[in-house]
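Participant: The lines below spell out each chain.
There are 2 protein chains.
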Amino acid sequence: MTRHFVEEIEALKSNLIKMSGLAEEAIAGAIRALLDRRRELAERVIAEDIRINAMEVQIDETVVDLLALQQPVASDLRFILAALKINNDLERIGDHAVNIAESALASVDRGVEPAPVVELPRMAHITKEMLRNAIDGFIHADAGLCQQVLKSDDIIDDLNKGNVAALVMLMRQDPASLEQALDAMRVSRNLERVADLATNIAEDVIFAAEARVVKHLYGPSPSPRQ
Amino acid sequence: MTRHFVEEIEALKSNLIKMSGLAEEAIAGAIRALLDRRRELAERVIAEDIRINAMEVQIDETVVDLLALQQPVASDLRFILAALKINNDLERIGDHAVNIAESALASVDRGVEPAPVVELPRMAHITKEMLRNAIDGFIHADAGLCQQVLKSDDIIDDLNKGNVAALVMLMRQDPASLEQALDAMRVSRNLERVADLATNIAEDVIFAAEARVVKHLYGPSPSPRQ
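Chains as they are written, first to last, in my numbering: chain A, 37 to 262; chain B, 37 to 262.
Honestly, the hints are just simulated from the structure, not real lab data.
Some hints here could point you the wrong way.
Same chains, same names: a pair is fine if it fits in one copy or spans any two.
Computed list of lysine-lysine pairs in DSSO-like fashion (alpha-carbon distance at most 27 Å, straight line) [as the list claims (entries may be wrong)]:
id: 1; residue 1: Lys-121; residue 2: Lys-164
id: 2; residue 1: Lys-121; residue 2: Lys-54
id: 3; residue 1: Lys-54; residue 2: Lys-164
id: 4; residue 1: Lys-49; residue 2: Lys-121
id: 5; residue 1: Lys-187; residue 2: Lys-164
id: 6; residue 1: Lys-197; residue 2: Lys-54
id: 7; residue 1: Lys-49; residue 2: Lys-197
id: 8; residue 1: Lys-164; residue 2: Lys-197
Isolated chain A, as found in the complex (with noise of 0.2 Å):
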């Protein structure tokens, strides 16, 4: 391995790492505008989802380059597929942020509150938590880090099946209610994606730090419930 073969692998994962963190701040700020009420800041998170695709643009072009300069094999080669992967996952969170904030943007615009997503902020919380597990999972070959992303993602499950259910109650009741009830099925039904892909990850990571595939065998794929 030769150092600048090293220097490449650092710099890869502190770049991830970045774009990792600005895709955890796109769904907390768009949380918080939904939540707040605060128009500019769905904004800001709408207009700066262009940062973390020139992320994923710019990190796509240096596992090429990684590939085709180094030819990497055996652990390295699994590590960086598996950051070119989650690359792409980070870059979908980023556009379920982006759908956040729009859910946000349309509550303020409609100029009443929007319905109650039950327990939304232990769902972004938990969310979070989740995203951030994977990629210290991924930073330090920590699989066990990974696993609990893995049980992690249950729960949410869970909870966004008993915000659907208690909506569709609402809906019911209140059908003047009916599109902020729409509003609040879309944001937790983009959290919900969220940590999917933030499963994926961590599946992703396990296949890199174990080579063995997680995938498909932890019960029912991380499917896009929608």
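Using the hints, position chain B against chain A.
Facilitator: Only chain B this time, still in chain A's reference frame:
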């Protein structure tokens, strides 16, 4: 380029064509199950997702082996990395077929006609064409076919928006149809996501063919609009 390498690339292509065929069949089956209210067909689509998942794992392993053993560079490397991403996107398309099949089951269980998804057969047809063009574009390195996919995505976005608006109106006018309308929204949204994934594939093909990044250049990215 060794003869072995050429053979492995051909095997990779043929596996991706096969996987794409499975994904296409799954979507078509789920839509047919929904329209014809066929429980057994919906259940088959859900059960057969395991084949798509298994192919994803197998193709991933082929890619790792190809990179490790052949150490390709330049356009071969980009082709193989595009195959890795396309593989992931096809698996996600399978997940969306499962979601549509689940909506079909819910509709059969409810024992009432599903709410109408405006132009559902047309949406399904365009989406199938998009997927087919994206994969053909990949196999034949035909960026022109892929440009066509990017254009079709706008049509699907508009059809989905039209569906959501019509279904919100239906819910308002006839609150008893609430759950059928939510199912119909879910179907429309899942088809729209399949179109997004076909668009992702097309972008990756253009990237592989022309070594330039199309992603995030063609207006709004095909973000998961949920």
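Participant: How would you label the pair Lys-197, Lys-54 (within, between, both, or neither) given a Cα cut-off of 27 Å?
Facilitator: neither (32 Å within a copy, 34 Å between copies)
Participant: 27 Å Cα cut-off: does Lys-187 pair with Lys-164 within a copy, between copies, both or neither?
Facilitator: within (14 Å within a copy, 35 Å between copies)
Participant: Given a CA cutoff of 27 Å, do Lys-164 and Lys-197 count as a within-copy pair, a between-copy pair, both, or neither?
Facilitator: within (19 Å within a copy, 30 Å between copies)
Participant: One pair to classify: Lys-121 and Lys-164, alpha carbons no more than 27 Å apart. Within, between, both, or neither?
Facilitator: both (19 Å within a copy, 25 Å between copies)
Participant: Can you give me the call for Lys-49 and Lys-197, within, between, both or neither, at a CA distance of at most 27 Å?
Facilitator: neither (35 Å within a copy, 39 Å between copies)
Participant: Given identical chains, is Lys-54 near Lys-164, meaning Cα to Cα at most 27 Å, within a copy, between copies, both, or neither?
Facilitator: within (15 Å within a copy, 37 Å between copies)
Participant: Between the shortest in-copy and the shortest cross-copy C-alpha distance, which are at most 27 Å for Lys-121 and Lys-54: within, between, both, or neither?
Facilitator: Answer is both: 16 Å inside a copy and 22 Å across each meet the 27 Å cutoff.
Participant: When Cα atoms must be at most 27 Å apart, do Lys-49 and Lys-121 count as within-copy, between-copy, both, or neither?
Facilitator: both (13 Å within a copy, 20 Å between copies)
The structure fails hints 6, 7 (numbered hints given earlier, in ascending order).
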